[in-house]
Amino acid sequence: DTGVSQNPRHKITKRGQNVTFRCDPISEHNRLYWYRQTLGQGPEFLTYFQNEAQLEKSRLLSDRFSAERPKGSFSTLEIQRTEQGDSAMYLCASSLLPSGRAGTDTQYFGPGTRLTVL
Amino acid sequence: TQLLEQSPQFLSIQEGENLTVYCNSSSVFSSLQWYRQEPGEGPVLLVTVVTGGEVKKLKRLTFQFGDARKDSSLHITAAQPGDTGLYLCAGAGGGKLQFGAGTQVVVTP
Numbered sequence: 001d002t003g004v005s006q007n008p009r010h011k012i013t014k015r016g017q018n019v020t021f022r023c024d025p026i027s028e029h030n031r032l033y034w035y036r037q038t039l040g041q042g043p044e045f046l047t048y049f050q051n052e053a054q055l056e057k058s059r060l061l062s063d064r065f066s067a068e069r070p071k072g073s074f075s076t077l078e079i080q081r082t083e084q085g086d087s088a089m090y091l092c093a094s095s096l097l098p099s100g101r102a103g104t105d106t107q108y109f110g111p112g113t114r115l116t117v118l
Numbered sequence: 001t002q003l004l005e006q007s008p009q010f011l012s013i014q015e016g017e018n019l020t021v022y023c024n025s026s027s028v029f030s031s032l033q034w035y036r037q038e039p040g041e042g043p044v045l046l047v048t049v050v051t052g053g054e055v056k057k058l059k060r061l062t063f064q065f066g067d068a069r070k071d072s073s074l075h076i077t078a079a080q081p082g083d084t085g086l087y088l089c090a091g092a093g094g095g096k097l098q099f100g101a102g103t104q105v106v107v108t109p
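As given, the protein sequences belong to chains D and B, one line each in that order. At position 41 of the first sequence (counting the first as 1) the number is 41 in the numbering used here, and the numbers step up by one without a gap. At position 79 of the second sequence (counting the first as 1) the number is 79 in the numbering used here, and the numbers step up by one without a gap.
Any given hint could be a false lead.
Stated by the list, open to error - What follows is a set of in silico ranges between Cβ atoms, one per label pair, in the way DEER data are often shown: (1) B/GLY40 <-> D/LEU60: 15 to 25 Å; (2) D/GLN41 <-> B/SER26: 40 to 50 Å; (3) B/THR20 <-> D/ARG64: 38 to 48 Å; (4) B/GLY52 <-> D/ARG9: 35 to 45 Å; (5) D/ARG64 <-> B/GLU17: 43 to 53 Å; (6) B/ASN24 <-> D/SER66: 27 to 37 Å; (7) B/ASP67 <-> D/LEU118: 43 to 53 Å; (8) D/ASP63 <-> B/SER26: 26 to 36 Å.
Just so you know, these hints were derived from the structure itself, not from any lab. Glycine included, C-beta positions come from ideal geometry on N, C-alpha and C.
Between the sequences and the hints, there should be enough to build the whole structure, so can you do that?
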């Protein structure tokens, strides 16, 4: 399977602990996105990378959240000092934007990581 | 706050019936994508529409993009239980997607 993969699929943690999620995009996709989805809502944008550069961060991404894509391939999303309000599905997506072309492109999503903060 | 409004929020129909879900916004998008999502899984792409007035068909699913590129509809003909899921529309702009809250569709045998 060459789709987007995310690990772990589920994470249960206690309030105040740190957690880290990993996303492996479709190979050769240069853009990688993180979204968060709570019950009854559509996904909300958090941040995205083009290659290793983080191009935009949402105001939803507090200073407890950090995302990296060090080699332009996989990405990690870390949440420090988790709070109960962080409980959600964290979704990763990737896309291929040909070089020299601005604008948006079709995004393919992974299965998500379900975070529960007790 | 969702910039894209989807209606209805919930739809329950019998197998074989037709249904239409709507996605409306006051914003213009460069493209619009429709996804279906099942519980505990990520959204799965159904279609991307780009041109105002565009109509795309995918077997029993017909997608339409409004002339002004602000709204879209999804029509399912002769729905089947396998069509059950959360249907999400997402407008593309500025390098990210803005999603509606989704329409939950339940098709009973």
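Next on the checklist: Going through the numbered hints above, which ones does this structure break? Give me the numbers in ascending order.
Outcome noted: Per hint list: single violation, 2.
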